[in-house]
Amino acid sequence: MKISNSERRLRQPIVVVLGHVDHGKTTLLDKIRGTTVVKKEPGEMTQEVGASFVPSYIIEKLAEPLKKVIPIKLQIPGLLFIDTPGHEYFSNLRRRGGSVADIAILVVDITEGLQKQSIESIQILRERKVPFLIAANKIDKIPGWKSNNDIPFLASIEKQRNDVKVYLDNLVYNLVSQLANLGFSSERYDRIKDFTKTVAIVPVSAKTGEGVADLLALLAGLTQRYLETRLKFAEGPAKGVILEVKEDPGLGHTIDVIIYDGVLKKNDTIILGGINGIIITKVRGIFVPRPLQDMKLSKYDLTPIDEVYAAAGVKISAPNLEEALAGSPIYVVEDESKVERYKQQIEEEIKEVRLYSDIDGIILKADSLGTLEALVSALQREGIPIRLADIGPISKRDVIEASIVAQRSKEYGIIAAFRVKLLQGIDTSGIKILYNEIIYQLIEDIKKHINDVREAEKRRTFDTLILPGKIKILPGYVFRRSDPVVVGIEVIGGIIRPKYPLIKEDGRRVGEVLQIQDNKKSLERATKGMEVAISIKGNIMIGRHVNEGDVLYTDVPKEDLEILVNKYPSSITDDMREVIKEIIRIKRKEDPLYGLGLQI
Amino acid sequence: MPKKDRAQEAPSRDVPRPEEGQTICVVKKMLGGDHLIVLCMDGKERLARIPGKIRKKMWMREGDVVLVGIWDFQPNRCDILYKYGNDEIKRLVNENIISREVIDQLRG
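Quick mapping for you: the protein sequence lines, in order, are chains A and B. Mapping of the first sequence onto numbering that gives the first Met the number 0: position 414 corresponds to residue 413, and the numbering continues sequentially without gaps. Mapping of the second sequence onto numbering that gives the first Met the number 0: position 94 corresponds to residue 93, and the numbering continues sequentially without gaps.
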């Protein structure tokens, strides 16, 4: 990480490796690191906090055989690779209106195509406006592929049989069409004319090393040609982003930081976002972990250095870092007078993500600013309202907020927790807390929960409601005059079901429907136009209380009618609407408030 | 003890109309202690309270048409905001905000 040569004006681009599980992100990086480790001289290749630096001369050496095809002269000092265990980690690499990452490699298993996580990664990349190229990994799995270890793809493809080439092309075009669905045009990298408009697909094999050279050469070439202005090295105070907050034995709380601009020195005053407000502190030490092979003993193997130049991953130790916020920006303050300005800047930036509004929505808790931001935007895409989004463990306040929401709309009365735990001693009865370690899984869970609750509620209330119905006793179809009355009826409008109470046109109670039968088969319901036989329980007798040809209505309780009209307006049919109006007219005589204020 | 300052805001010509969270009701029963039961146009029966601002300034009787503000945290109770006079009720009927039949029905 020592770029003492100050004449270099470009910093190394930050390259993020993303991709679906088991598509070979880490294998690919290992291959790049592995090959470089073999050829490196000690101390030149640094393995840092989730970030590995690949110096330019190694890239040049690797891309040597490609010199004829892609002539490049490297101006950048190398590439800083950041391995992401998932895109959650990547989302922490945030910076106002974009990402710290300059370019991304999306690793895709060529035989499987784009998977769910890959698509999600692309969405995050698009949101953060990060250019990317695709490493179509595992070409060695193509049937008939003859592996040639560690040679560029262009050389390797020449040696393959014709049918294998066609097979590979088919797979690549599979990817192209999948990307087209997402709105990106793409092409195999050696067929691209305009790299600014087309996403490059580089077929590689992390296992055999084929294509790795192409990938590196392309990365280096693209970044220094198209991102030159972005990579201009600034000498000023450092700007960075916090990846992780950790407790290290012997050091106390430390933060892992990616610095993307400027210079960070020991004893610099830094300003960063904390859980309970802004933290201003002084850098006590800057550490760079030793190369890969020693990482296991990282406790003893942090190399302290005095200053570090931009595009680096370092560990910073400083007082008062217990409450530092992962994903928060971090700035070096060059003099006291500017503290306020930086403070405001960070506050504003954090406020954009942490939100609270007095609406019925879910409660969201995450472990870092980046993940919270990703969750919030994903939920907003799904149209799920959020009442509270914050960082830190689930507190009593969150539970109370959720229970308030649950009273009004049950489906949103949940707490979605991403990699955070519940504080101890909090009563969470009645509140559902969803835990998940994967963003999209958590969002799926939330969606599923909301749908489940809605469905259950609808089924439960709708089935218990007494719906409006109007029936006519058909003359000549009286089968039994009382105890119970069995008559043939026609449903004039609405719906009747067993257990519905019935009233006459003057509002007097008749009895309750016992059973509905049609051709000796009992029915669950009878709708408009059906002619069925029903039995009615109650102290009535045909000819005395009720006559043949009488019209009867269902006795809809006031509350049921209200629920029906307000919550399920879509299930009201035209004939039912007429019946509702008639029932309201009948019931008003008894209860002047019946059906008042309803929009029918 | 000095008498309470009766100087109130100038009586406006406008008839107050129900806004968000307000509704028009008919007084059903006086309970005493500044509380009464009202029947509201949204089909609910509520326990209403006469706030100190109106107390002893507006007199309620059974059958009066009033404007109430519903408590947002306890929707089965409300505060009386205004009592409509007969001519004001006529205006509300003319403007189709309430219907004469419903009022008569609520009065019983």
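For the record, the hints were derived by calculation from the structure and aren't laboratory data. Please note that a few of the clues may not be correct.
Claimed, not checked - Only pairs whose alpha carbons sit at most 30 Å apart, straight line, appear in this in silico DSBU-like list of lysine-lysine:
hint: 1; chain 1: B; residue 1: 89; chain 2: A; residue 2: 557
hint: 2; chain 1: B; residue 1: 43; chain 2: A; residue 2: 409
hint: 3; chain 1: A; residue 1: 265; chain 2: A; residue 2: 60
hint: 4; chain 1: A; residue 1: 350; chain 2: A; residue 2: 457
hint: 5; chain 1: A; residue 1: 557; chain 2: B; residue 2: 55
hint: 6; chain 1: A; residue 1: 580; chain 2: A; residue 2: 527
hint: 7; chain 1: B; residue 1: 28; chain 2: A; residue 2: 588
hint: 8; chain 1: B; residue 1: 82; chain 2: A; residue 2: 588
hint: 9; chain 1: A; residue 1: 128; chain 2: A; residue 2: 238
hint: 10; chain 1: B; residue 1: 43; chain 2: A; residue 2: 557
hint: 11; chain 1: A; residue 1: 115; chain 2: A; residue 2: 420
hint: 12; chain 1: A; residue 1: 164; chain 2: A; residue 2: 231
hint: 13; chain 1: B; residue 1: 43; chain 2: A; residue 2: 498
hint: 14; chain 1: A; residue 1: 580; chain 2: B; residue 2: 28
hint: 15; chain 1: A; residue 1: 446; chain 2: A; residue 2: 527
hint: 16; chain 1: A; residue 1: 192; chain 2: A; residue 2: 238
hint: 17; chain 1: B; residue 1: 52; chain 2: A; residue 2: 588
hint: 18; chain 1: A; residue 1: 206; chain 2: A; residue 2: 238
hint: 19; chain 1: A; residue 1: 557; chain 2: B; residue 2: 52
hint: 20; chain 1: A; residue 1: 420; chain 2: A; residue 2: 337
hint: 21; chain 1: A; residue 1: 128; chain 2: A; residue 2: 145
hint: 22; chain 1: A; residue 1: 503; chain 2: B; residue 2: 43
hint: 23; chain 1: B; residue 1: 89; chain 2: A; residue 2: 566
hint: 24; chain 1: A; residue 1: 580; chain 2: B; residue 2: 43
hint: 25; chain 1: B; residue 1: 89; chain 2: A; residue 2: 580
hint: 26; chain 1: A; residue 1: 140; chain 2: A; residue 2: 115
hint: 27; chain 1: A; residue 1: 498; chain 2: A; residue 2: 527
hint: 28; chain 1: A; residue 1: 588; chain 2: B; residue 2: 56
hint: 29; chain 1: A; residue 1: 337; chain 2: A; residue 2: 350
hint: 30; chain 1: B; residue 1: 43; chain 2: A; residue 2: 457
hint: 31; chain 1: A; residue 1: 238; chain 2: A; residue 2: 337
hint: 32; chain 1: A; residue 1: 231; chain 2: A; residue 2: 206
Hint-by-hint comparison with the structure:
{"no.": "1", "hint": "89(B) <-> 557(A)", "in the structure": "29 Å, holds"}
{"no.": "2", "hint": "43(B) <-> 409(A)", "in the structure": "23 Å, holds"}
{"no.": "3", "hint": "265(A) <-> 60(A)", "in the structure": "35 Å, violated"}
{"no.": "4", "hint": "350(A) <-> 457(A)", "in the structure": "37 Å, violated"}
{"no.": "5", "hint": "557(A) <-> 55(B)", "in the structure": "36 Å, violated"}
{"no.": "6", "hint": "580(A) <-> 527(A)", "in the structure": "16 Å, holds"}
{"no.": "7", "hint": "28(B) <-> 588(A)", "in the structure": "19 Å, holds"}
{"no.": "8", "hint": "82(B) <-> 588(A)", "in the structure": "26 Å, holds"}
{"no.": "9", "hint": "128(A) <-> 238(A)", "in the structure": "19 Å, holds"}
{"no.": "10", "hint": "43(B) <-> 557(A)", "in the structure": "10 Å, holds"}
{"no.": "11", "hint": "115(A) <-> 420(A)", "in the structure": "27 Å, holds"}
{"no.": "12", "hint": "164(A) <-> 231(A)", "in the structure": "41 Å, violated"}
{"no.": "13", "hint": "43(B) <-> 498(A)", "in the structure": "27 Å, holds"}
{"no.": "14", "hint": "580(A) <-> 28(B)", "in the structure": "29 Å, holds"}
{"no.": "15", "hint": "446(A) <-> 527(A)", "in the structure": "37 Å, violated"}
{"no.": "16", "hint": "192(A) <-> 238(A)", "in the structure": "35 Å, violated"}
{"no.": "17", "hint": "52(B) <-> 588(A)", "in the structure": "37 Å, violated"}
{"no.": "18", "hint": "206(A) <-> 238(A)", "in the structure": "37 Å, violated"}
{"no.": "19", "hint": "557(A) <-> 52(B)", "in the structure": "35 Å, violated"}
{"no.": "20", "hint": "420(A) <-> 337(A)", "in the structure": "37 Å, violated"}
{"no.": "21", "hint": "128(A) <-> 145(A)", "in the structure": "38 Å, violated"}
{"no.": "22", "hint": "503(A) <-> 43(B)", "in the structure": "25 Å, holds"}
{"no.": "23", "hint": "89(B) <-> 566(A)", "in the structure": "34 Å, violated"}
{"no.": "24", "hint": "580(A) <-> 43(B)", "in the structure": "18 Å, holds"}
{"no.": "25", "hint": "89(B) <-> 580(A)", "in the structure": "26 Å, holds"}
{"no.": "26", "hint": "140(A) <-> 115(A)", "in the structure": "21 Å, holds"}
{"no.": "27", "hint": "498(A) <-> 527(A)", "in the structure": "18 Å, holds"}
{"no.": "28", "hint": "588(A) <-> 56(B)", "in the structure": "35 Å, violated"}
{"no.": "29", "hint": "337(A) <-> 350(A)", "in the structure": "20 Å, holds"}
{"no.": "30", "hint": "43(B) <-> 457(A)", "in the structure": "24 Å, holds"}
{"no.": "31", "hint": "238(A) <-> 337(A)", "in the structure": "14 Å, holds"}
{"no.": "32", "hint": "231(A) <-> 206(A)", "in the structure": "35 Å, violated"}
Hint compliance for this structure: hints 3, 4, 5, 12, 15, 16, 17, 18, 19, 20, 21, 23, 28, 32 are broken, all remaining hints hold.
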